[in-house]
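The opening position of the sequence shown corresponds to residue 261 in the numbering used here, with each subsequent residue numbered one higher.
Derived by calculation from the structure, the hints in this document are not laboratory data.
Computed from a predicted structure; not experimentally measured.
Treat the hints with caution; some may be incorrect.
Think about it this way: if two alpha-carbon atoms lie no more than 16 angstroms apart in a straight line, the pair counts; the simulated EDC-like pairs of lysine to aspartate or glutamate are [said to hold, decoys possible]:
#1 K388 to D337
#2 K388 to D438
#3 K388 to D322
#4 K388 to E358
#5 K388 to E357
#6 K388 to E313
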Amino acid sequence: MGHRPDDPPLRGRGRPTRRAAPADGAAVIRIGHRGAPLLAPENTVRSIRRAIELGMDFVEIDVVPLADGTLVLAHSDDLAELSHGVVQGRVTTESLEELREVAPELPTLDEALAAIAESDAGVQLDVKAPGYEAGVVEAARRHGLVDRSLASSFHPESLRRLGELEPGLRRGLTYPSDRRGISGRPYARPLVPAVLRCLRAVLPRRIPRLLAAADATTAVLHYSVVSGASYAPPSFV
Numbered sequence: 261m262g263h264r265p266d267d268p269p270l271r272g273r274g275r276p277t278r279r280a281a282p283a284d285g286a287a288v289i290r291i292g293h294r295g296a297p298l299l300a301p302e303n304t305v306r307s308i309r310r311a312i313e314l315g316m317d318f319v320e321i322d323v324v325p326l327a328d329g330t331l332v333l334a335h336s337d338d339l340a341e342l343s344h345g346v347v348q349g350r351v352t353t354e355s356l357e358e359l360r361e362v363a364p365e366l367p368t369l370d371e372a373l374a375a376i377a378e379s380d381a382g383v384q385l386d387v388k389a390p391g392y393e394a395g396v397v398e399a400a401r402r403h404g405l406v407d408r409s410l411a412s413s414f415h416p417e418s419l420r421r422l423g424e425l426e427p428g429l430r431r432g433l434t435y436p437s438d439r440r441g442i443s444g445r446p447y448a449r450p451l452v453p454a455v456l457r458c459l460r461a462v463l464p465r466r467i468p469r470l471l472a473a474a475d476a477t478t479a480v481l482h483y484s485v486v487s488g489a490s491y492a493p494p495s496f497v
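Model the full assembly from the supplied sequences, consistent with the hints where possible.
Here you go:
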C-alpha cells in the first residue's frame, strides 16, 4: 500500500512497533489476505483469528451484500467459489441461512468485526461493488473500528461515497482493475508482462491523479505493478 505524503501512519490501535524497517525507513504493514487462508478457510472468523494470532497488523476481508441487506464475507458473487464447487449460482441472491447450508463457516460482517475488535489489529474492508457503503460504515462504527479501518475498492464512486459518510475512514483505491478477466485468457497471457511493464512505468504519474479522482487516501497496488519479480503462492506439505 502507498499513502499520500501528508497522511499519518496507518496502524492498528496500540499495536507495538515490531514491523521490519526497510532501508528507506518506511514501515512495513503485514496484512493477512482473507485472514490466514492456508491455515483456515478464507474469509471466516477462524481464519481471521489465526491471522491475528500470527501477528498480522491488519486483516483483509471481502464484503458483499445479500438481498436482504445483510453483509457477509465472500470474495465474489460466485456461489461456486464460496461453496468450493458444491453448488452454482450467485451469493447475493441467497439468504444467510441458505448460504450456510453450503458454507457453514460463512460469517456476517458484524461477526468478523467483533473478532477483530477483540484484538488490536486493524482491518482492510474490501468493498466489491457500489451500493452498500452505508452498511460498511455503520458496521465499522458499531465495533469501534473506524480508526483502525481501511476501506478499499476498485470503484472510485464507492470510495467517494464512503468518504462522504465517514470522513475519518481511510479509503484505498485498488489498482489495476481487470474487470473483464482478460489477463486470465489464454490468448492474452503472452501480452501480460509487457502490459505490466507499461503500468509500472507510468505508475508514479498516474496514481496521484487516480487517488484524487476517487478521494482516496491510499493506493492498494497489486504486487505485479510494483515489482517485476515473479511470485508463487506458498504451499504446505
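Structure-based check of all given hints:
| no. | hint | result |
| --- | --- | --- |
| 1 | K388 to D337 | holds (9 angstroms) |
| 2 | K388 to D438 | holds (13 angstroms) |
| 3 | K388 to D322 | holds (7 angstroms) |
| 4 | K388 to E358 | violated (21 angstroms) |
| 5 | K388 to E357 | violated (22 angstroms) |
| 6 | K388 to E313 | violated (27 angstroms) |
The structure fails to meet hints 4, 5, 6 from the earlier list, while all remaining hints are met.
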